[in-house]
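Visitor: Given these sequences and hints, build the entire structure.
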Amino acid sequence: MVLLAFRYAAGLPTKYKRGGTMKIIVVNCGSSSLKYRIISMPEEKEIAGGEAQRIGPKTAEPSRIIHRVGEKTETHLVEMRNHAEALEEVRKLLSRDSSIAPDAFGHRVVHGGGIFSSAAQITAGSARDLEKIKHLAPIHNPPAMEVIYACEKAYPGLPSVAVFDTAFHATIPDFASTYCIPREITEKLKIRKFGFHGTSHQFVAEEAARIMKRPFNEFSAVSCHLGSGGASICAIVNGKSVDNTMGYSPLQGLVMSTRCGDLDPALTLNLLQHFIGSTTDVERLLNTRSGVLGMSGSSADIRDILSMNRKSSGNTRSHHTAEAYLWRIKKYIGSYLAVVGKPDALIFTDTIGETIPQVRWAVCSDMEYFGLKIDAGKNDHADVLPSDVSHKDSSIKILVVATNEELAIARRTYGLLSENHNFLWNKKLTNNYLK
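Counting along the sequence shown from 1, when you hit position 53 you're at 126 in the numbering used here, and nothing is skipped either side.
Keep in mind that the hints were calculated from the coordinates and are not lab data.
Heads up, a few of these hints could be off.
In silico lysine to aspartate or glutamate, EDC-like type, Cα no more than 20 Å apart, as pairs [what the hints assert, rightly or not]:
hint, residue 1, residue 2
1, K96, D170
2, K313, D247
3, K145, D170
4, K263, E204
5, K131, E162
6, K261, D247
None of the values given here were measured: they were computed from a predicted structure.
Guide: In structure tokens:
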């Protein structure tokens with residue numbers, strides 16, 4: 074039983090006025106990390122931030138917090154057995170400077186299930202709903218919930234807002250989100266394509282629409298979020314997601330660093346037989362030992378593989394890995410260009426999408442029949458973002474746009490708190506229990 078007492082101040086905090094500046098801590102939890110940014114809204118200025126690393130059992134390297142205020146960066150070695158302890162250590166660092174004292178929290182929550190289709194205030198009721206679906210993202214949702222509770226304990230007067238990676242994809246039509254198994258099963262178990270990386274896809278698409286001077290509700294694109302870990306592609310029509318390469322879980326779709334991507338379901342059954350019915354072993358295999366790492370046998374980072382491939386003569390594991398990785402991206406780009414119909418832009422973002430010209434060139438080459446043509450010179454020198462790397466003859470803009478999920482979360486948090494000002498700051502919830 075977890076005590077929930079989401080307490081809101083009776084009346085407005087004296088330091089906050091309607092329409093005034095609000096300092097929001099954006100929290101992003103990984104399995105063993107906690108990233109945080111303090112962003113002053115609505116001016117969208119980052120004033121502090123950092124990352125707690127190696128949370129959990131002791132490792133060869135000590136756990137630490139890299140903390141930054143303005144231009145000053147400090148590293149603090151401190152034991153953090155769990156995410157709640159990490160949040161407490163971050164609180165201690167923030168408390169040293171009253172000028173960065175927060176007014177609210179914005180939490181990245183990977184999976185909103187079928188319950189949350191937009192950002193939501195954390196209350197006792199919404200926390201109960203989050204507990205019901207945290208198994209859907211076992212790596213990310215449980216630590217996010219742990220930090221949500223820790224924030225309430227450390228900052229009992231401040232509101233928290235959850236922003237979901239799945240929310241942007243709530244507009245995917247039923248025919249695209251349905252898995253073709255008996256309907257009574259999908260309805261009972263709430264099985265559907267949820268899609269992921271929605272916060273990033275929406276952010277870069279909005280930025281691209283702004284660059285092209287198009288209203289977002291009239292903007293269509295294919296967005297490629299190519300991270301060093303996870304990756305997905307999103308089809309966007311008139312500002313709404315209509316498909317995403319990830320599905321019920323983040324396993325589906327592209328080849329990723331350690332995740333398999335698309336897989337024949339019969340192969341999963343075969344793996345269950347091989348592992349004598351251990352779903353845990355199969356899940357670990359598909360999530361942590363597959364993808365680039367599984368194929369190459371040497372690295373989970375596609376940048377390493379591409380580097381090795383340039384030095385090899387072909388017909389090697391690195392060569393096959395690179396080919397499979399690029400093939401899957403190109404196949405989905407072609408598919409989603411067809412789905413979108415008349416795209417305004419093809420967008421590349423995140424670590425690989427923003428910084429590896431070789432990947433952009435490989436997946437955009439020989440796509441002229443779609444009206445898509447990349448410029449080699451622009452692509453090789455896209456150092457300042459956003460950058461247009463499309464050829465002058467391309468009818469579709471090819472844009473490289475830096476993602477900023479923390480800013481996107483701050484915007485959603487500020488928007489929700491501003492819109493529901495009186496409710497959020499005057500409501501007092503006490504003695505609520507979550508079983």
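Visitor: Please go over all the hints and tell whether each is borne out by the structure.
Guide: Cross-check of the supplied hints:
1. The suggested pairing of K96 with D170 holds, with an alpha-carbon distance near 13 Å, which does not exceed 20 Å.
2. For the proposed pair K313 and D247, the alpha carbon gap of about 14 Å is at most 20 Å, so the pair holds.
3. Taking the CA atoms of K145 and D170, the gap is near 13 Å; set against the 20 Å cutoff, the hint holds.
4. With a CA separation close to 16 Å, the supplied pair K263 and E204 stays within the 20 Å bound.
5. The hinted pair formed by K131 and E162 meets the criterion: a straight-line CA distance of about 17 Å does not exceed 20 Å.
6. Between K261 and D247 the CA atoms are separated by roughly 16 Å; this keeps the pair inside 20 Å, and the hint holds.
Checked against the numbered hints above, the structure violates none of them.
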